[in-house]
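Construct the entire structure; sequences and hints are all you get.
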Amino acid sequence: MKDKDELALEALFRSEPIADDGFSRRVMTRVRRRIWLQRLTLPVAALIGGAIAFQPLVQLIAALGGVLGNMPVESLAMSPDSVPQLSTFILGACFVVAALFFLPALED
Amino acid sequence: MAQQDQRAFGELVRRHQAQIRNFLRKLTRDHELADDLAQDAFMHAWDKLHTYAGTGSVIGWLLKVAYTTFLQSKRKSDRYGEILEELGHAEDARGTRITSHSDEIGDLDKFLAVLTEDERAVMILSYACGLSHREISDAAEMPVGTVKSIIFRGKEKIRESFDIESHQYG
Numbered sequence: 010m011k012d013k014d015e016l017a018l019e020a021l022f023r024s025e026p027i028a029d030d031g032f033s034r035r036v037m038t039r040v041r042r043r044i045w046l047q048r049l050t051l052p053v054a055a056l057i058g059g060a061i062a063f064q065p066l067v068q069l070i071a072a073l074g075g076v077l078g079n080m081p082v083e084s085l086a087m088s089p090d091s092v093p094q095l096s097t098f099i100l101g102a103c104f105v106v107a108a109l110f111f112l113p114a115l116e117d
Numbered sequence: 004m005a006q007q008d009q010r011a012f013g014e015l016v017r018r019h020q021a022q023i024r025n026f027l028r029k030l031t032r033d034h035e036l037a038d039d040l041a042q043d044a045f046m047h048a049w050d051k052l053h054t055y056a057g058t059g060s061v062i063g064w065l066l067k068v069a070y071t072t073f074l075q076s077k078r079k080s081d082r083y084g085e086i087l088e089e090l091g092h093a094e095d096a097r098g099t100r101i102t103s104h105s106d107e108i109g110d111l112d113k114f115l116a117v118l119t120e121d122e123r124a125v126m127i128l129s130y131a132c133g134l135s136h137r138e139i140s141d142a143a144e145m146p147v148g149t150v151k152s153i154i155f156r157g158k159e160k161i162r163e164s165f166d167i168e169s170h171q172y173g
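Residue numbers (my numbering), protein chains in the order written: chain A, 10 to 117; chain B, 4 to 173.
It should be emphasised that the hints constitute simulated quantities derived from the structure, not laboratory data. No residue lacks a Cβ here, since even glycine has one placed at the ideal position from N, Cα and C. Hints may contain errors.
Distance condition first, Cα-Cα at most 25 Å in a straight line; then the derived PhoX-like pairs of lysine-lysine [unchecked claim]:
hint	chain 1	residue 1	chain 2	residue 2
1	B	K77	B	K113
2	B	K160	A	K13
3	B	K160	B	K113
4	B	K158	B	K113
5	A	K13	B	K113
6	B	K77	B	K51
7	B	K158	A	K13
8	B	K51	B	K79
9	B	K151	A	K13
10	B	K151	B	K113
Residues of chain B clear of chain A, computed beta-carbon distances all greater than 12 Å [unchecked claim]:
hint	residue
11	A56
12	G63
13	D81
14	M145
Here is the structure:
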């Protein structure tokens, strides 16, 4: 049972329902923009990183090429042990599958 | 999955926007500011959607996010106001505070003016949003006992300051 004060307070706080007037649309536009920004962040960061790393990477490859070119031929001969085994390939494939599975979750 | 989330969230916004905006309008007494804060609150809700445990009511959780957004914004504008005052821009500083910007001071504004910020928020959640004591306790992050005593104290203050029975109701 509500007393008079209670009813008076309820009446005082009561107000007309607020019309949407495009409010929901504005919020959802911001949400969609946020989603796009989140999706773009990783590729853009990778691109920037790639652009920054490109020149030093080319220099490193060129330097490695020079070093390998100066090495004696017999030291470059591969032993059968250095060829990747089937188990290594399977492990690598497992990593790729796991990464494909977990990356979208990480993005979410 | 993301498409479904978006659709569901859109429905959530459409269904509860009026109550969130009403809460913030009464709290800030400034419609434009309240609507900006409501947008920010829904963005925070989108970011924190995974934290909603599904135990309480959705509107209770959304009002909690809205109240937190209001407090954060108020702290920020208070700090900015202090900096401006320190720099001697007193007029600008006054404009940054979250207070009533309306020329028209209604009965509700006079009632709310005698309450502290906590009391104001709890009274609005109770009487304007119709939340239960338990829901207010969750939204304002305070024990149910504190909520009850704040409502009691708020009513006492209003009774002492005004003759609320003279207000039209029914």
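Mind listing which of the numbered hints don't hold for this structure, in increasing order?
-> none
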